[in-house]
Every structure is written in C-alpha cells, then in structure tokens.
Amino acid sequence: MSEVLLLACKELLDDARLGCADLVFKDICLEILAKAKQVLAPEQFEELSFYAVERIKEKSIRSPRKRVKIQ
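Just so you know, we're using the numbering used here here: the sequence shown kicks off at 1429 and counts up by one.
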C-alpha cells in the first residue's frame, strides 16, 4: 500500500509542476512533502524528497526568472 501512496505523491508533484507558477509549485511541494512524511516509510520519504528536488530543478531550468534592470 505504501508504494501506491508514494506513486500518488509523485503524480501530485508532476501535476503541480505542469500547472503552477514557480513559487506556487514550490509551496505545493512543501505541502505534499509535509503530508507524505506522515504516511511514508523513511526510505520512501527520502526517495520522494529527491524526486521533488529534481522536479524543482527542472521547473527552474524550464522557466528561469526574467530579471528586470531598473535604472
């Protein structure tokens, strides 16, 4: 059953990555991780944490911040 929960958490992260702005995505990641820690085994939580970090890196690379120079 915990494998199903792990997969569900990963799917939630993937869905959020596709449909959210960068800051909102990071906030959702933290919420998912906080809830997942309560139901996953430590090894699975660590796996999910690494998965979330990779998705955050991907999101940052795909949509880098545009910097505006103020004069």
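Please note that the accuracy of each hint is not assured.
Heads up, simulated PhoX-like pairs for lysine-lysine below, C-alpha to C-alpha not over 20 Å straight-line [claimed, not checked]:
# : residue 1 : residue 2
1 : Lys-1438  : Lys-1487
2 : Lys-1454  : Lys-1485
3 : Lys-1454  : Lys-1438
Have a look at the derived ranges for each label pair, beta carbon to beta carbon [as the list claims (entries may be wrong)]:
# : residue 1 : residue 2 : range
4 : Glu-1471  : Gly-1447  : 26 to 32 Å
5 : Met-1429  : Leu-1451  : 16 to 22 Å
6 : Ser-1488  : Met-1429  : 32 to 38 Å
7 : Ala-1449  : Met-1429  : 31 to 37 Å
Note that these hints are calculated values from the structure, not bench results.
Every residue gets a Cβ at the ideal spot worked out from N, C-alpha and C, and that includes glycine.
Hints, one by one, checked against the model:
1. For the proposed pair Lys-1438 and Lys-1487, the alpha carbon gap of about 15 Å is at most 20 Å, so the pair holds.
2. At roughly 10 Å between alpha-carbon atoms, Lys-1454 and Lys-1485 fall within 20 Å of each other, so this suggested pair holds.
3. The straight-line distance between the Cα atoms of Lys-1454 and Lys-1438 is roughly 14 Å, inside the 20 Å bound, and the hint therefore holds.
4. At roughly 29 Å, the beta carbons of Glu-1471 and Gly-1447 sit within the given window of 26 to 32 Å.
5. At roughly 33 Å, the beta carbons of Met-1429 and Leu-1451 sit outside the given window of 16 to 22 Å.
6. At about 33 Å, the CB distance of Ser-1488 to Met-1429 agrees with the hint of 32 to 38 Å.
7. For the pair Ala-1449 and Met-1429, the beta carbons lie near 33 Å from each other, so the given range of 31 to 37 Å is met.
The earlier numbered hint that this structure contradicts is number 5, and it is the only one.
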